[in-house]
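Engineer: Protein sequences, first through last, are from chains A and B.
Residues in the first sequence are numbered from 112 upward in steps of one, following our numbering.
Residues in the second sequence are numbered from 1168 upward in steps of one, following our numbering.
For the record, the hints were derived by calculation from the structure and aren't laboratory data.
Check each hint, because a few of them may be wrong.
[Unchecked claim] With a cut-off of at most 30 Å between alpha-carbon atoms, the simulated DSS-like pairs for lysine-lysine come out as follows:
1) B:K1530 - B:K1272
2) B:K1530 - B:K1297
3) B:K1355 - A:K251
4) A:K312 - B:K1499
5) A:K186 - B:K1333
6) B:K1392 - A:K312
7) A:K132 - B:K1333
8) B:K1563 - B:K1493
9) B:K1333 - A:K312
10) A:K148 - B:K1272
11) B:K1530 - A:K251
12) A:K148 - A:K211
13) A:K192 - B:K1272
[To be verified] Covered stretches of chain A (chain B as the covering partner; in silico rule of three or more C-beta atoms under 8 Å from a C-beta of chain B):
14) 349-362
15) 392-404
All C-beta atoms, glycine included, are put in the ideal place defined by N, C-alpha and C.
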Amino acid sequence: MTRLSNEEQVVDFVRQARRDKRPFEIVGGGTRRGAGKPMGALPVADVGGISGIVQYEPQELILTVRPGTSLIEIKSVLAEKNQCLGFDPVDWSLFGTPGKSTIGGAVSSDASGSGRLRHGGARDSLLGFRAVNGFGEVFKAGGKVVKNVTGFDLPKLVCGAFGTLCVLTEMTFRVFPKPRFSTTIVLKDLAPEPGFAALRKVWKSALEPTGLAYLPGALGPEFGKGAALIRLEGEEIPLQEKCAAAQILTGPGERLPDSDSFAALGAGAAFNTSPLDVWRVFLPPSKAAAVASALAAPLWYGDWAGGAIWAGMPGEAGPGVRTLAQEAGGHAMLLRAPAERRAALGVFPPQPAALAEITARVKAAFDPLALFNPGRL
Amino acid sequence: MKFPPSNQDIIARRAQIIAALRAIVPDGVVADESGLAAFDGDALGAYRQMPLACVLPSSREQVSAILRYASAERVPVVPRGAGTSLSGGALPRADGILIGMGRMKRILEIDYDNRCVTVEPGVTNLNITKAVEGEGFYYAPDPSSQIACTIGGNVAENSGGLHCLKYGLTTNNLLGVTVVLPDGEIVKLGGKAPGAAGLDLMGLMTGSEGLLGMVVEATVRILKKPPVTRTLMAAFASVPDAGACVAAIIADGIVPAAMEFMDKASVAAVEAYNAPGYPLEAAAILIIDADGLEAEVADAIARIGEHVRAAGGSVTEATEEAARAKLWAGRKASFAAMGRLAPDMMCMDGTIPRQALPAVLEKIGEYSRAHGLPVCNVFHAGDGNLHPLIIFDAMKEGELERAEAFGADILRLCVAVGGVLSGEHGVGVEKRDLMGDMFTPVDLEQQHRVKCAFDSAGLLNPGKVFPTLSACVEQGHMHVRGAELPFPHLPRY
Chain A
112 MTRLSNEEQV
122 VDFVRQARRD
132 KRPFEIVGGG
142 TRRGAGKPMG
152 ALPVADVGGI
162 SGIVQYEPQE
172 LILTVRPGTS
182 LIEIKSVLAE
192 KNQCLGFDPV
202 DWSLFGTPGK
212 STIGGAVSSD
222 ASGSGRLRHG
232 GARDSLLGFR
242 AVNGFGEVFK
252 AGGKVVKNVT
262 GFDLPKLVCG
272 AFGTLCVLTE
282 MTFRVFPKPR
292 FSTTIVLKDL
302 APEPGFAALR
312 KVWKSALEPT
322 GLAYLPGALG
332 PEFGKGAALI
342 RLEGEEIPLQ
352 EKCAAAQILT
362 GPGERLPDSD
372 SFAALGAGAA
382 FNTSPLDVWR
392 VFLPPSKAAA
402 VASALAAPLW
412 YGDWAGGAIW
422 AGMPGEAGPG
432 VRTLAQEAGG
442 HAMLLRAPAE
452 RRAALGVFPP
462 QPAALAEITA
472 RVKAAFDPLA
482 LFNPGRL
Chain B
1168 MKFPPSNQDI
1178 IARRAQIIAA
1188 LRAIVPDGVV
1198 ADESGLAAFD
1208 GDALGAYRQM
1218 PLACVLPSSR
1228 EQVSAILRYA
1238 SAERVPVVPR
1248 GAGTSLSGGA
1258 LPRADGILIG
1268 MGRMKRILEI
1278 DYDNRCVTVE
1288 PGVTNLNITK
1298 AVEGEGFYYA
1308 PDPSSQIACT
1318 IGGNVAENSG
1328 GLHCLKYGLT
1338 TNNLLGVTVV
1348 LPDGEIVKLG
1358 GKAPGAAGLD
1368 LMGLMTGSEG
1378 LLGMVVEATV
1388 RILKKPPVTR
1398 TLMAAFASVP
1408 DAGACVAAII
1418 ADGIVPAAME
1428 FMDKASVAAV
1438 EAYNAPGYPL
1448 EAAAILIIDA
1458 DGLEAEVADA
1468 IARIGEHVRA
1478 AGGSVTEATE
1488 EAARAKLWAG
1498 RKASFAAMGR
1508 LAPDMMCMDG
1518 TIPRQALPAV
1528 LEKIGEYSRA
1538 HGLPVCNVFH
1548 AGDGNLHPLI
1558 IFDAMKEGEL
1568 ERAEAFGADI
1578 LRLCVAVGGV
1588 LSGEHGVGVE
1598 KRDLMGDMFT
1608 PVDLEQQHRV
1618 KCAFDSAGLL
1628 NPGKVFPTLS
1638 ACVEQGHMHV
1648 RGAELPFPHL
1658 PRY
């Protein structure tokens, strides 16, 4: 393992790797190494030390950090100014990996939590970055202002690229105000079909919910057939108004002051001790109940108003998950599984030939020798 | 601005190229001079160029066949939506085929249950909202040209509007696109499900200014219209006071639906034009919209009012629709109003960190005196997008050159204070030669490599966005002759 603690060291390391034609694995906090296709034993570049907050301008809604900065540190610094990251980055606790989860890793794997519903994914928050490409060159893309259309939007590409394009050295985010109050409305004893329908009613309103999840009865006897969870945020009186409006749409349910239930959903905590493979099935929300029923997963729940189903499945069921997702107009991501199944099934479904070809060419435009996390995506 | 010389070999093959296009789109080739004159440029009025030929496909298969042909024959192609680009994104070439997407204007699907609409690229921005407003929904990005501009062009330019700070640009409201690549291959990116299954090529395609592919279908997110919108005008005795007020509002966690700044010269121009009731004595005004539920908006308006007064400003409020419309009428007429001050104007489009506003406006004032040309400043204060309007008369010796130099100075200043060249109009040909002021050669080379991954022959919208070696004049502007925009019926703001 080589520890790299600044951009110059990354440049030297990449140039040497380029000369040696020696691919390597990029590791930040190391908490997500179990995600993605297995890459075999590669030299490791530890970039977790490239960390720290470079610039935080609460009044500009801008935060610039180095990628090794921990999510915990970023969240606490933003919280002091009542702000947050829009994509609600999560530490995927289901991998059970100790260590600090970093912002670079969260963006590279697009580990968006329940709050994605409100402010979008990592792609909607990353405004700009600096990085070292596969030529060993430092480049920047995007900007440090919230509105920018100058040049190609390369920040979109690095979100969810699993480190296969470049080694990030600095990232600028748009941040969002964090409302002071939060309430979760729980509607109990709902089967999946009416449960997801209730969530969609709120999703289609002007209430701007920040969390809409469905938990089946198997996750807790107190839920009966299942529970729809609706998180609303705001100032004190406006929040009362929102809750009342939501309850008119969905029925009264119970109001809980905010708990950590949504954080646990994004982290996949329900699967921490489960031996099952874990899939994230991304769907048009209206398909959630039907797909959940067809999956018949032993352990599952829905997030993002039904736009995502987390499903724990026995290994042999994997190909069927892909088919169901695709038939419903979505796609399935294999998040956690033993290496051989990740190798066989990949993270994402195989792409049509033309798309696979252009994807490969874009990848090569950054890293022609495939030095960075080869084959991980 | 200089353009590379046209390829005479291609021009010599014109008849053959037209025949080939007619074979693909029998009822949609424009080749006669009077017909082509309607396609000789976009809303960047300073530049006019007749295309070699114009083709108007009506299906994705035809778009694919045209690009396949152009690729095989090595003929440049310029995509065009409604031609409302302010940066020259759809400027034709004498040696290139112009592909107009206006005939592909069907709304393919409205899916309320998944809050999205799927359209062909020639559907106008406003027609998406019109199709869903009966159910209380709307499409959020609202460029000022929204009655004319099309969704294909919006995707190509990543169009913005007045409400970006709260509701995002096109890229944040797009779920899926189907794109024809330069070699004619059709690929589908994204869809109704969240997230990308692989690299986010849809995000890359958005705002790529027609250099990477042509959009033939788009699925966009629709939102429920908030039940209440209230508008407030704040007037300040100094620009720093107005800037401090904007900062305080944002720092307080308020995200206004819109927050517009106008300087004293802009206020004077619009008061003389349509008298919206702005205070002439103010150094700067803000027009602020808050939207949402009733108590939510009441809370936001009350807090905004407190911040205005704390910053030394005065507040005028509008709740009724007519009063709101009157407050907005001045801001929305600002281009037209300033157009009456002199025969010509140029609209700049940089973004700056908001806190730099007082210093930037002071510097723009210095430039104005140095170049001997007046300027009015309007500013999307919420997101930092600055639109200085430079006023001049191109018929006077040297004024056009001075205006261009002034504009370039402003954009370099935006970059120098930590901002960018373009907040929403795009680079196009307009700011192409200033890209080197914002990006290093390595930064630009990385973007070039991405371009090459899609279009190794450089046939799709060549001459846009990236500076070329033959370009020698640095400038950046929207040139308006005789106070008349290329789309005079569009209320530019």
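Engineer: With the threshold set at 30 Å, check whether the alpha-carbon distance from B:K1530 to A:K251 stays at or below it.
Structural biologist: The given pair, whose Cα atoms are some 27 Å apart, holds under the 30 Å limit.
Engineer: Holds or violated: B:K1392 with A:K312, Cα cutoff 30 Å?
Structural biologist: At roughly 14 Å apart (the allowed maximum being 30 Å), A:K312 and B:K1392 satisfy the hint.
Engineer: Just to be careful, I want the Cα atoms of A:K192 and B:K1272 compared with a cutoff of 30 Å; is the pair within it?
Structural biologist: Answer violated: A:K192 to B:K1272 is near 46 Å, above 30 Å.
Engineer: Is B:K1355 close enough to A:K251, meaning Cα to Cα at most 30 Å?
Structural biologist: 28 Å, holds
Engineer: Do the alpha carbons of A:K148 and B:K1272 lie within 30 Å of each other, as the hint requires?
Structural biologist: The given pair, whose Cα atoms are some 42 Å apart, is violated under the 30 Å limit.
Engineer: Under the criterion that the straight-line Cα-Cα distance not exceed 30 Å, is the pair A:K312, B:K1499 satisfied?
Structural biologist: 35 Å, violated
Engineer: Do the alpha carbons of B:K1530 and B:K1297 lie within 30 Å of each other, as the hint requires?
Structural biologist: Violated: B:K1530 and B:K1297 sit about 43 Å apart, past 30 Å.
Engineer: Report holds or violated for chain B covering the stretch 349-362 of chain A, Cβ cut-off 8 Å, minimum 3 residues.
Structural biologist: That given contact holds, which follows from 5 residues of the stretch 349-362 of chain A lying within Cβ reach (below 8 Å) of chain B.
Engineer: A:K132 and B:K1333 were given as a pair; does the straight-line alpha-carbon distance stay at or below 30 Å?
Structural biologist: Violated, because 46 Å separates the two Cα atoms, which is more than 30 Å.
Engineer: Under the criterion that the straight-line Cα-Cα distance not exceed 30 Å, is the pair A:K186, B:K1333 satisfied?
Structural biologist: 21 Å, holds
Engineer: With the threshold set at 30 Å, check whether the alpha-carbon distance from B:K1530 to B:K1272 stays at or below it.
Structural biologist: 45 Å, violated
Engineer: Given the hinted pair A:K148 and A:K211, is their Cα-Cα distance within 30 Å?
Structural biologist: Distance of about 22 Å is within 30 Å: holds.
Checked against the numbered hints above, the structure breaks hints 1, 2, 4, 7, 8, 10 and 13 and satisfies the rest.
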